[in-house]
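Chemist: Residue numbers (the numbering used here), protein chains in the order written: chain A, 1 to 139; chain B, 1 to 139; chain C, 1 to 139.
The set of hints was computed from the structure by calculation and includes no laboratory data. Please note: incorrect hints may appear among the correct ones.
Pairs count within a copy or across copies, as identical chains cannot be separated in the list.
As the list claims (entries may be wrong) - The calculated lysine-lysine pairs, modelled on DSS-like cross-linking and capped at a C-alpha distance of 25 angstroms, are: (1) 101 to 52; (2) 89 to 104; (3) 104 to 84.
Computed from a predicted structure; not experimentally measured.
In case you want the letters, here they are:
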Amino acid sequence: MKKLLLLLPLLLALVSVGNAQSEARHHRIVMQLVSGDTLVHKGLMRQLRNMKEAAPDMELEVVCHGPGMDMLMSDRSIVADKVKEFNDKGIHFLACENTIKERKLDRAQVLPSAGFVNAGIIHIVERQEDGWSYIKAGL
Amino acid sequence: MKKLLLLLPLLLALVSVGNAQSEARHHRIVMQLVSGDTLVHKGLMRQLRNMKEAAPDMELEVVCHGPGMDMLMSDRSIVADKVKEFNDKGIHFLACENTIKERKLDRAQVLPSAGFVNAGIIHIVERQEDGWSYIKAGL
Amino acid sequence: MKKLLLLLPLLLALVSVGNAQSEARHHRIVMQLVSGDTLVHKGLMRQLRNMKEAAPDMELEVVCHGPGMDMLMSDRSIVADKVKEFNDKGIHFLACENTIKERKLDRAQVLPSAGFVNAGIIHIVERQEDGWSYIKAGL
Chain A
1 MKKLLLLLPL LLALVSVGNA QSEARHHRIV MQLVSGDTLV HKGLMRQLRN MKEAAPDMEL
61 EVVCHGPGMD MLMSDRSIVA DKVKEFNDKG IHFLACENTI KERKLDRAQV LPSAGFVNAG
121 IIHIVERQED GWSYIKAGL
Chain B
1 MKKLLLLLPL LLALVSVGNA QSEARHHRIV MQLVSGDTLV HKGLMRQLRN MKEAAPDMEL
61 EVVCHGPGMD MLMSDRSIVA DKVKEFNDKG IHFLACENTI KERKLDRAQV LPSAGFVNAG
121 IIHIVERQED GWSYIKAGL
Chain C
1 MKKLLLLLPL LLALVSVGNA QSEARHHRIV MQLVSGDTLV HKGLMRQLRN MKEAAPDMEL
61 EVVCHGPGMD MLMSDRSIVA DKVKEFNDKG IHFLACENTI KERKLDRAQV LPSAGFVNAG
121 IIHIVERQED GWSYIKAGL
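If we strip away everything but chain A, and leave its shape as in the complex, we get:
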């Protein structure tokens, strides 16, 4: 019996490793937003809320490029408040520098809660190389 008790912590550790693998996985997700459609932007906000509820500890980046950059521009985004709210909860929004140059967007208008990456797609590729899951936003 004593020997069993000594082994108990080990057994418990094994059990919790098993649990960790099944129920509470740690998700790392990179989403790509290319669409400038405001319906897509609103739909994305609903998805983020659902995802945050289902997996509160996930790491999530939303990479915006091309027309998708509109979601991060203070002069035209219709979800700027939500972006700030989700950013406060740890979701990262990333603006593509290449798009800013090409579309001659005003850098000063990019939402203050957004970060920057040089090339949106290459960033998404590197995340996948690091084992992150990829989800393309939009219809």
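Got chain A; can you put chains B and C on it based on the hints?
Modeler: This is chains B and C only, laid out in the frame that chain A set:
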């Protein structure tokens, strides 16, 4: 140690030859359908037929969420027969519970051949974590 | 030999630590084009230019199927010159044989710089299985 490093390319080559030789790989694929466009639904059915032909033993799940849930609703799907047919051949169609709640869809109208997942995107993420390949349906 | 095999995981671990540390990673990317929208085709050309600039040594395949095959048809592509130009720089464009059959496209009209795959999606799946990153083109 040096000898080991010299042998490494050989060992890696043996491993990759093994891969190259196995022609009939076992594919595990998770597709995401978000679009409610019936042309997309019809196109998806054509893709499923081609995929089934090219890889009869693949494991395939089609996760439907957002407007994509329309494909699994008996009162509006234009490919209900095909969904049943492919389901009988082992392709799984999964309805997103979050979407059903948000869009206030009638659960009783979901095609009987469909299964359910709580959060569509999180399910897709978990499949990717398990090594499944991800394909986003639609244009 | 047995001892070598036992040490293999350790060696591979060392190699992968090395990779993680090196900044100029080698990217392998498979892009999927399904859209026939010429604005998407033009946007894709801009993306390819940016990607090539950010990662000159990447391996990149653009798999075209469904309406996306229009980009590779000499009688309707509006970016045929660019496709040739990028192909000369090592980017591969792949036409889907299933699509050619289904849409009864004239094989002789497929741009000479394009290659062929039997089933577009299955090819993309196999690339992912080999560790390539997946990017879906379009909005």
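Chemist: For which of the previously enumerated hints does the structure constitute a violation, in increasing order of number?
Modeler: Structure breaks hint 2 only.
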